[in-house]
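The chain contents come next:
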Amino acid sequence: MSAAAGAAPRRSHLRALEAEAVHILREVAAQFERPVLLFSGGKDSIVMVELARRAFAPGPIPFPLLHVDTGHNFPETLAFRDWLVGQTGATLHVTSVEDAIRRGVVQEESGPEASRNSLQTAVLLDALASLRADAALGGGRRDEEKARAKERIFSHRDRTGQWDPRNQRPELWNLYNGRIAPGEHVRVFPLSNWTELDVWLYIRAERIAVPTLYLAHDRETVDRRGTLLAVTDHLTLLPGETAAPRRVRFRTVGDVTCTGAVESTAATLDAVVAEVAGAVQTERGGRHDDRRSEAAMEDRKRAGYF
Amino acid sequence: MFVPPPANPEAGSGAADLLRITTAGSVDDGKSTLLGRLLVETRSVLADQLAAVTEASRRRGHARPDLALLTDGLRAEREQGITIDVAYRAFATPRRAFLVADTPGHVQYTRNMVTGASTASLAIVLVDARRGVQTQSRRHAFVASLLGIRHLVFAVNKMDLVDYAEAAFTAVADEAAAFAARLGVPDVAVIPVSALHGDNVAERSPEMLWYGGATLLHHLEHVSVGGDRNPVDFRFPVQLALRPDAGFRGFAGTVASGAIRAGERVAVLPSGVETSVRAVYESGREVAEARAGDVVVITLADEVDVARGDLLVRDQNRPLVGTSLEAMVCWMDDRPLAVGRRYVLRQTTRETPAHVTAVVYRVDVDTLHRAPTTTLSLNDIGRVRIETASPVSFDAYRDNAATGAFVLVDADTNATVAAGMVRGGAAMVGRADVRSPATAGPDTQAPGTPRRSEAPVSPDVVRDAPGVTRAEREARQGHRGGVVWLTGPPGAGKSAVAREAERRLFARGATVLVLDGDDLRHGLSGDLGFAPRDRRENVRRAGEVAHLLVETGAVVLCSFVSPSRADRAAVRARFAPGDFAEALVTARPETLRARDPKGLYARAAAGEIADLTGVGAPYESPETPDLVLDTDALSLDAAVEAVLAHLAARGCVPD
Ligand SMILES: Nc1nc2c(ncn2[C@@H]2O[C@H](COP(=O)(O)OP(=O)(O)O)[C@@H](O)[C@H]2O)c(=O)[nH]1
Numbered sequence: 000m001s002a003a004a005g006a007a008p009r010r011s012h013l014r015a016l017e018a019e020a021v022h023i024l025r026e027v028a029a030q031f032e033r034p035v036l037l038f039s040g041g042k043d044s045i046v047m048v049e050l051a052r053r054a055f056a057p058g059p060i061p062f063p064l065l066h067v068d069t070g071h072n073f074p075e076t077l078a079f080r081d082w083l084v085g086q087t088g089a090t091l092h093v094t095s096v097e098d099a100i101r102r103g104v105v106q107e108e109s110g111p112e113a114s115r116n117s118l119q120t121a122v123l124l125d126a127l128a129s130l131r132a133d134a135a136l137g138g139g140r141r142d143e144e145k146a147r148a149k150e151r152i153f154s155h156r157d158r159t160g161q162w163d164p165r166n167q168r169p170e171l172w173n174l175y176n177g178r179i180a181p182g183e184h185v186r187v188f189p190l191s192n193w194t195e196l197d198v199w200l201y202i203r204a205e206r207i208a209v210p211t212l213y214l215a216h217d218r219e220t221v222d223r224r225g226t227l228l229a230v231t232d233h234l235t236l237l238p239g240e241t242a243a244p245r246r247v248r249f250r251t252v253g254d255v256t257c258t259g260a261v262e263s264t265a266a267t268l269d270a271v272v273a274e275v276a277g278a279v280q281t282e283r284g285g286r287h288d289d290r291r292s293e294a295a296m297e298d299r300k301r302a303g304y305f
Numbered sequence: 000m001f002v003p004p005p006a007n008p009e010a011g012s013g014a015a016d017l018l019r020i021t022t023a024g025s026v027d028d029g030k031s032t033l034l035g036r037l038l039v040e041t042r043s044v045l046a047d048q049l050a051a052v053t054e055a056s057r058r059r060g061h062a063r064p065d066l067a068l069l070t071d072g073l074r075a076e077r078e079q080g081i082t083i084d085v086a087y088r089a090f091a092t093p094r095r096a097f098l099v100a101d102t103p104g105h106v107q108y109t110r111n112m113v114t115g116a117s118t119a120s121l122a123i124v125l126v127d128a129r130r131g132v133q134t135q136s137r138r139h140a141f142v143a144s145l146l147g148i149r150h151l152v153f154a155v156n157k158m159d160l161v162d163y164a165e166a167a168f169t170a171v172a173d174e175a176a177a178f179a180a181r182l183g184v185p186d187v188a189v190i191p192v193s194a195l196h197g198d199n200v201a202e203r204s205p206e207m208l209w210y211g212g213a214t215l216l217h218h219l220e221h222v223s224v225g226g227d228r229n230p231v232d233f234r235f236p237v238q239l240a241l242r243p244d245a246g247f248r249g250f251a252g253t254v255a256s257g258a259i260r261a262g263e264r265v266a267v268l269p270s271g272v273e274t275s276v277r278a279v280y281e282s283g284r285e286v287a288e289a290r291a292g293d294v295v296v297i298t299l300a301d302e303v304d305v306a307r308g309d310l311l312v313r314d315q316n317r318p319l320v321g322t323s324l325e326a327m328v329c330w331m332d333d334r335p336l337a338v339g340r341r342y343v344l345r346q347t348t349r350e351t352p353a354h355v356t357a358v359v360y361r362v363d364v365d366t367l368h369r370a371p372t373t374t375l376s377l378n379d380i381g382r383v384r385i386e387t388a389s390p391v392s393f394d395a396y397r398d399n400a401a402t403g404a405f406v407l408v409d410a411d412t413n414a415t416v417a418a419g420m421v422r423g424g425a426a427m428v429g430r431a432d433v434r435s436p437a438t439a440g441p442d443t444q445a446p447g448t449p450r451r452s453e454a455p456v457s458p459d460v461v462r463d464a465p466g467v468t469r470a471e472r473e474a475r476q477g478h479r480g481g482v483v484w485l486t487g488p489p490g491a492g493k494s495a496v497a498r499e500a501e502r503r504l505f506a507r508g509a510t511v512l513v514l515d516g517d518d519l520r521h522g523l524s525g526d527l528g529f530a531p532r533d534r535r536e537n538v539r540r541a542g543e544v545a546h547l548l549v550e551t552g553a554v555v556l557c558s559f560v561s562p563s564r565a566d567r568a569a570v571r572a573r574f575a576p577g578d579f580a581e582a583l584v585t586a587r588p589e590t591l592r593a594r595d596p597k598g599l600y601a602r603a604a605a606g607e608i609a610d611l612t613g614v615g616a617p618y619e620s621p622e623t624p625d626l627v628l629d630t631d632a633l634s635l636d637a638a639v640e641a642v643l644a645h646l647a648a649r650g651c652v653p654d
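These protein sequence lines map, in sequence, to chains R and X. Residues in the first sequence are numbered from 0 upward in steps of one, following numbering that gives the first Met the number 0. Residues in the second sequence are numbered from 0 upward in steps of one, following numbering that gives the first Met the number 0.
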């Protein structure tokens with residue numbers, strides 16, 4: 000074998016992923032003037048905040064968090080967000096979809112299956128523009144969906160916030176090209192190479208706090224074509240649908256009206272890790288709106304969604 | 000409200016390491032299918048994804064799920080039925096996590112292969128068992144070797160279509176191994192598979208009982224890949240300065256290579272200012288040491304000027320610092336390279352305006368021949384000279400990818416237009432520190448790691464670009480220049496082979512010269528003895544002379560015992576891969592003693608020579624020589640013809 004004698008021992012894969020993400024976060028801080036970290040309250044953005052804390056310690060996180068608030072939140076998400084912001088001393092900007100609807104920036108879809116995902120895109124772009132953000136850090140991972148597998152870690156967006164999958168910049172080694180023209184911005188995905196299981200292994204190994212939504216609990220849910228939706232004020236039951244209590248947990252926490260729960264008894268992190276390791280559904284499989292078409296994600300990405 | 004921190008934080012975080020892989024193959028060799036198969040076999044595909052693919056396959060009238068659809072992402076590609084860009088996939092087994100950069104097989108997408116290979120330690124090259132090693136497979140293997148990948152796997156696919164016949168596999172395997180040997184890739188595996196049916200992917204194939212090797216997945220899990228980073232030369236590119244308060248000033252970055260501890264002396268480049276490390280922090284906690292790959296914050300003992308783009312190194316182990324460099328580049332933009340145009344060079348964390356002063360040649364990636372040219376177009380690979388506006392600190396890519404890699408960015412469009420690998424540039428650049436060769440000896444060198452390829456140079460010497468190029472010289476004389484380095488113990492027959500080869504080449508009209516250890520020691524190296532340091536210096540000088548001669552277009556046959564593997568590797572590193580071949584000339588110890596042309600063995604036996612190689616001093620055989628000439632088995636004539644055949648294959652013999 001050819002391994003050079005005296006070569007450095009290989010690091011564990013979680014350590015390698017962590018180092019890569021920290022390196023990327025620091026590149027963003029160094030290359031851009033006004034980066035923001037998109038914070039959804041989900042586990043990926045929680046891990047991002049933890050990585051940012053490590054990247055800049057003993058200094059503070061040198062950029063604000065931006066939460067695009069759909070108005071369709073789980074109460075736990077907002078409480079956790081505020082707690083975390085208090086813990087880290089980070090600055091938080093909240094931009095609200097509801098507010099944007101009132102201001103006429105966007106128009107609400109109507110009907111019981113209306114989704115705010117398409118609105119979120121416009122509201123996000125509006126917020127990035129008003130913050131004059133030149134980089135937006137997101138927790139997207141390449142394992143989430145086929146379209147993401149091709150996306151760069153530094154993903155260039157034109158002036159309208161569009162992604163052009165056929166004309167991406169080559170990305171080599173760890174040399175990230177963040178040069179942009181005025182008015183453009185870059186989406187940056189430090190967790191690109193992580194999988195859902197990696198995120199959970201990291202949360203467990205590093206003792207990172209997450210909202211209880213991620214653990215099994217009892218909740219009123221309704222089964223809408225295979226997706227278990229939480230019964231909340233924001234959900235209108237369709238004719239023939241009935242709510243029932245189930246033991247569930249969430250694999251993503253987004254808009255309550257379209258984030259599906261999974262039936263689960265995994266009430267501890269160990270159990271969650273075990274469940275994810277043996278999972279048979281992708282986490283986005285629990286997202287109602289992705290089912291609309293096979294290429295749904297790609298269409299949303301082209302339009303600037305995260 | 001929140002999940003309490005768990006009681007058992009370490010459980011399952013796993014000692015599994017991460018192996019980065021790149022895959023490549025001609026269109027339709029079955030790369031997507033193979034990758035889909037690996038995902039399915041490692042249970043990395045979930046039920047809903049598989050269901051979507053099964054459904055899409057059914058709509059298209061396929062009887063079984065087309066696994067290629069799992070990895071073919073974008074809709075546009077799906078319509079064309081091909082992969083067009085680099086896609087990244089993760090899968091894992093209990094032993095290892097894998098990240099695959101999946102790159103397309105189109106002729107025109109060399110740039111994607113380069114991109115995928117830039118972060119990989121291992122390359123899987125797909126070969127269709129019916130068609131053998133096609134141009135595209137050669138190209139992929141070449142790109143992998145150019146990017147410094149040391150582990151190559153040829154997956155000979157579609158074995159089901161050749162009736163799982165051993166003969167069909169052996170033919171392809173021989174072809175693949177021969178080509179890989181020419182590239183100098185040290186670790187090559189060839190595995191017969193059927194991606195469609197799963198044979199030898201994760202499970203041993205019942206159809207190919209004649210195959211005794213590992214399955215593809217087993218090989219990937221067990222291949223021993225050293226750390227990807229150079230463990231010797233400490234290099235720390237500063238990413239940013241952290242100043243949370245007046246009392247703390249630290250420099251954040253990723254250790255590119257080597258290691259450092261608190262208290263050790265460092266120099267800041269390019270300024271050259273020296274200081275020492277006060278402390279090292281990781282995630283805000285003080286740690287004893289920073290090692291290659293660690294993301295840390297370093298504080299320094301003195302208030303010296305340090306900014307993003309600077310490089311911290313050990314004061315006794317410095318890279319090259321200069322504004323001129325030579326590099327291999329892959330051109331990645333629709334607009335061709337323009338000599339003199341302003342680009343931005345991004346290397347480590349540094350950015351500086353730069354321009355290309357000359358294109359030396361373009362490599363025909365199919366034949367590995369070089370052609371003189373004045374520009375490079377999309378997907379071309381070639382050698383260029385670059386001038387930077389401010390000094391850059393760099394190593395040869397071959398020795399240290401982290402400090403030898405760069406990209407060029409178009410200053411107008413901001414597009415990344417080229418990927419570059421520094422070849423060296425000692426010939427063009429003054430060193431930041433100037434030490435005599437004797438003190439420059441890499442005493443901290445780990446055995447087997449190639450040393451920095453740059454020779455020490457005098458201060459402030461910046462040579463002009465040469466007027467007459469090597470390509471012009473070669474064109475006039477009708478053959479290429481190149482080196483065959485004959486190494487082996489005294490008496491093995493190196494000089495006899497070299498002299499006879501020289502005679503025959505001369506007769507055929509070649510420009511050729513033998514460099515012989517004894518000759519050199521009567522002149523150029525008359526000041527040196529046989530201590531390891533002197534031997535190293537002797538070999539270095541021989542390498543330098545050979546290098547100059549090759550630049551004149553000559554064929555150089557070097558006959559040196561050169562017992563140290565590391566010394567030979569340092570010489571090899573001075574040359575482009577196609578310019579240098581190592582030939583091991585060997586014979587049994589009894590034969591050596593019986594031949595003893597200079598009476599050396601007799602004198603060693605009598606105690607007159609203490610450090611005769613092979614007797615009192617070690618001889619380190621090449622691990623992967625390009626040629627092995629066993630002079631017990633071969634006649635002189637056969638050995639010489641083997642050398643000539645090798646040279647002819649490289650275009651070094653006139654027609
Ligand atoms: N018979 C046979 N067909 C295969 C095998 N692997 C792939 N194919 C077929 O070859 C074609 C091209 O495969 P694909 O994976 O799309 O090739 P790519 O262009 O290299 O990604 C498809 O029709 C596959 O089903 C194999 O091992 N045996």
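One thing to keep in mind: the hints can contain errors.
[As the list claims (entries may be wrong)] From the derived model, a few chain X residues whose C-beta atoms are all more than 12 Å from chain R:
hint : residue
1    : R284
2    : T366
3    : A410
4    : N413
5    : S524
6    : F529
[Said to hold, decoys possible] Derived DEER-like restraints, expressed as beta-carbon distance ranges:
hint : chain 1 : residue 1 : chain 2 : residue 2 : range
7    : R       : L130      : X       : R59       : 39 to 49 Å
8    : R       : S95       : X       : A50       : 52 to 62 Å
9    : R       : V93       : X       : D159      : 53 to 63 Å
10   : R       : T159      : X       : D333      : 32 to 42 Å
11   : R       : E262      : X       : T298      : 27 to 37 Å
Just so you know, the hints here were simulated from the structure itself, not pulled from any lab data. Here a beta-carbon is modelled for each residue, glycine too, at the ideal position from N, C-alpha and C.
Using the beta carbons of S95 of chain R and A50 of chain X, state whether their distance is inside 52 to 62 Å or not.
-> 37 Å, violated
Does the Cβ-Cβ separation between V93 of chain R and D159 of chain X fall within 53 to 63 Å?
-> Holds, since V93 of chain R and D159 of chain X (Cβ atoms, about 58 Å apart) stay within the stated range.
A410 of chain X non-interfacial with respect to chain R [C-beta, more than 12 Å] = Incorrect as stated: the minimum Cβ-Cβ distance to chain R is 9 Å, not above 12 Å.
Status of the given 39 to 49 Å range, CB of R59 of chain X versus CB of L130 of chain R = 45 Å, holds
Do E262 of chain R and T298 of chain X keep their Cβ atoms within the hinted range of 27 to 37 Å?
-> Given a distance of about 52 Å, which is not inside 27 to 37 Å, the answer is violated.
Would you say N413 of chain X is clear of chain R, with no C-beta pair closer than or equal to 12 Å?
-> 4 Å, violated
Taking C-beta pairs only, is S524 of chain X more than 12 Å away from all of chain R?
-> At roughly 28 Å from the nearest Cβ of chain R, S524 of chain X sits farther out than 12 Å, so the non-interface label holds.
With 12 Å as the threshold, tell me whether R284 of chain X passes as away from chain R on beta-carbon distances.
-> 8 Å, violated
Range agreement (Cβ of D333 of chain X with Cβ of T159 of chain R, hint 32 to 42 Å) = Violated: the Cβ-Cβ distance is about 22 Å, outside 32 to 42 Å.
Exclusion check [T366 of chain X not at the chain R interface, CB over 12 Å] | 25 Å, holds
12 Å cut-off, C-beta based - F529 of chain X kept clear of every residue in chain R | 24 Å, holds
Violation of the numbered hints given earlier is confined to hints 1, 3, 4, 8, 10, 11; the remaining hints are satisfied by the structure.
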